[in-house]
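Assemble the whole structure, with the sequences as input and the hints as a guide.
Those sequence lines, one after another, are chains A and B. Its first residue numbered 1, the first sequence is counted upward by one per residue in UniProt numbering. Its first residue numbered 1, the second sequence is counted upward by one per residue in UniProt numbering.
Think of the hints as simulated: they come from the structure by calculation, not from any bench. One or more of the hints may lead you astray.
[To be verified] Here are some, though not all, of the chain A residues that point toward chain B, as calculated from beta-carbon distances under 8 Å: (1) Ser313; (2) Arg334; (3) Gly381.
[What the hints assert, rightly or not] Listed next, the in silico EDC-like pairs over lysine to aspartate or glutamate satisfying Cα-Cα at most 20 Å (straight line): (4) A/Lys22 / B/Asp97; (5) A/Lys22 / B/Glu95; (6) A/Lys61 / A/Glu90; (7) A/Lys61 / A/Asp49; (8) A/Lys321 / B/Glu66; (9) A/Lys317 / B/Glu95; (10) A/Lys54 / A/Glu351.
Note that the structure is a prediction, hence the values are computed from the model and not measured. Ideal Cβ placement from N, Cα and C applies to all residues, glycine included.
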Amino acid sequence: MCQVEEEYREPPLAPAPPSVCKTCVKCKDASAAVVVRAGDPYCRTCFKDYFIHKFRAMLGKNRVIFPGEKVLLAVSGGPSSSSMLRQVQEGLSQNAHKKLRFSPGIVYIDEGGAVGRSLEERLRTASELQAVFRSTGFPFHMVPLEQVLDVPPSVLVPAASSQPAASVYKAAVDGFLQAAGGRRPGAAVQQQDAAGLDVLEAHTASLQQLMDSATSLTARQELLSSLRQHLLVHTARSHGYSKLMLGDSCSRSAVKLLAAVCLGRGAQLAQDTGFSDSRYGDVVSVRPMRDYSAKEIAFYNHMFGVPSVLSPSLTTKTSDKSSIQQLTESFITRLQADFPSTVSTIYRTSEKLQTAGGSSGGTAGTDTCLLCVCVLDTSVGNATAFRSTLVSQCLSDSRAVPSGPDPVSAKQSRPCGGQQCGTRTCSAEDRTPDLKALLCYSCQRTLRDLSSLDRLPHYILSEAQSRARRSQLREEIRDFLLDHHDDDEDDEGLHSPPDPSVVA
Amino acid sequence: MHTCNLGKYQFSIFGYRLIFLFFFNSRASELLFDGVKEHQVTLPGQSDPWDMKQLLVWIQRNLLKERPELFVQGESVRPGILVLINDADWELMGELDYQLQDQDCIVFISTLHGG
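Right, here's the structure in full:
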């Protein structure tokens, strides 16, 4: 396999005569229309059955969506999320025993303001999507990304989990079937007309400024996905949805996985790419499309007329090497062209990953990253790669200061990571709160690429301030705390804010 | 019903009428195909029937406006772009060796993020 002189070209084993269609591998009758995996041709009908079955199987296997639960579908208009919307429609129209039993809603986040589209373009896309959404009969929410500027700081705090345990799933299904008595759960859905996009020009400008302050496309993409995630969670919370369905396909998950490794998000891989992600506690994200390759989705959408509205993203028209995410994508798609099991191998790997400390239950009570809301990966021992990276970063930063030949004095004058570099004084006189101490390694890298932190949305900065105040307070009363390390109760009371959703 | 921006090309070659559909992101198709939705063009006749390989070269020379590497790579399409010939996967049709027939419909779909 790995020899230098290895001939990768197969010996010419009777090349299939071109333009002769093979028959379907499943029904062995109709002529094939799509090659799903290498050497598995399916006909139209079998492909459709296979596709629809896979979606239900994915939800059935994982047992995370409970009957009657309110589920918010995040639809961007792209092929994968549009296909997910169609699958939910198919699932709700099935006959009784196969039927999906949750009540869906749709959210569309319009990112036009962040990628510099004109308002007319954005309104056109929004109205096309509105027509699609209205035809589904589900309630929908059209949310411009600008609204992230008005999000309350509590979105960055994982709430206590209100999710029932997986063990009661069966009982919940039985209970639901008895209670419903054959009533359709979707019937009570009220039609909701969100009238277009409500965007203030000033908000668009400040969003644009924030995006422009990111000096690299990599950071801009990361920042955008963080903001989008916050807004999705906020929308779900404020409308009472407890699940959020994301349309990440298998190909997309594979790209995300490798890109996340490159971005230093190794500790968060399982949450970033797994089937379900409970980092926010009360709103759990699920990715039911992660069994489908981008090819399957494209074929399904084309063959069965699933409407999709493509809007440009940050990476449209950019070259392969413009960002880490983009480079990873082209690396994987190219490798996939020659080695068709590339994506599925990466995907299977991501399936085996698990979050440290158990995946169930919210992360309330432990320190979480200010941006990605994952458990912080920065509290590690002194003899680690992370610490040495910080030290060498401090040293190279201090070299840039002309007046400080002594690295120690330079350290003290520059914010270089709070207590992480050992000198606690370094950020004390900083006007903005020391964000680095509140971020995971990867988000630190992202914010390092921002030219100014002042442009960050208010909710991030004010949450940072209150966290900094809390940790300062905890520092002051440290000596009076009993059993600081073991007793979670005392600890929790101090640094988790009075969150209304916890009380409720 | 596809609401995304699609370019529709109808022309006859060598006595053949072909239809091209391009499913790309609106900005990407603007860049690649000048954003033109419908084209009427005629291919020069040639003695042998056209195959996909020649067709891609022709598309690259005649339809692509800039940055052809976003559409073709080497002598095939860029990985991540799907090709359908008469609504069937071109992997079933011999890919680049497929010989174009009269009334063929060829669809290009980009699965890449951002078109």
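**Report entry** Agreement of A/Lys22 and B/Asp97 with the hint, judged by alpha carbon distance not exceeding 20 Å
**Finding:** holds, 16 Å
Query raised in the report: Does A/Arg334 meet its interface restraint, that is, does its C-beta lie within less than 8 Å of any C-beta in chain B?
Result: holds, 5 Å
Query - Hinted pair A/Lys54 and A/Glu351, Cα distance within 20 Å - result: holds, 16 Å
Query raised in the report: Is it true that the CA of A/Lys61 sits at most 20 Å from the CA of A/Asp49?
Result: holds, 18 Å
Query raised in the report: Can A/Gly381 be said to touch chain B, with a Cβ gap under 8 Å?
Result: Because about 37 Å separates A/Gly381 from the closest Cβ in chain B, which is outside the 8 Å limit, the hint is violated.
Query - Interface hint status, A/Ser313 versus chain B (Cβ within 8 Å) - result: holds, 4 Å
Query raised in the report: CA of A/Lys22 to CA of B/Glu95, is that 20 Å or under?
Result: Holds. A/Lys22 to B/Glu95 sits at ~14 Å (cutoff 20 Å).
Query raised in the report: A/Lys317 and B/Glu95: Cα distance at most 20 Å?
Result: violated, 26 Å
Query raised in the report: Between A/Lys321 and B/Glu66, is the straight-line Cα distance small enough, at 20 Å or below?
Result: holds, 18 Å
Query raised in the report: Under the criterion that the straight-line Cα-Cα distance not exceed 20 Å, is the pair A/Lys61, A/Glu90 satisfied?
Result: Holds, at about 18 Å.
In this structure, the earlier hints numbered 3, 9 are contradicted, and the remaining ones agree with it.
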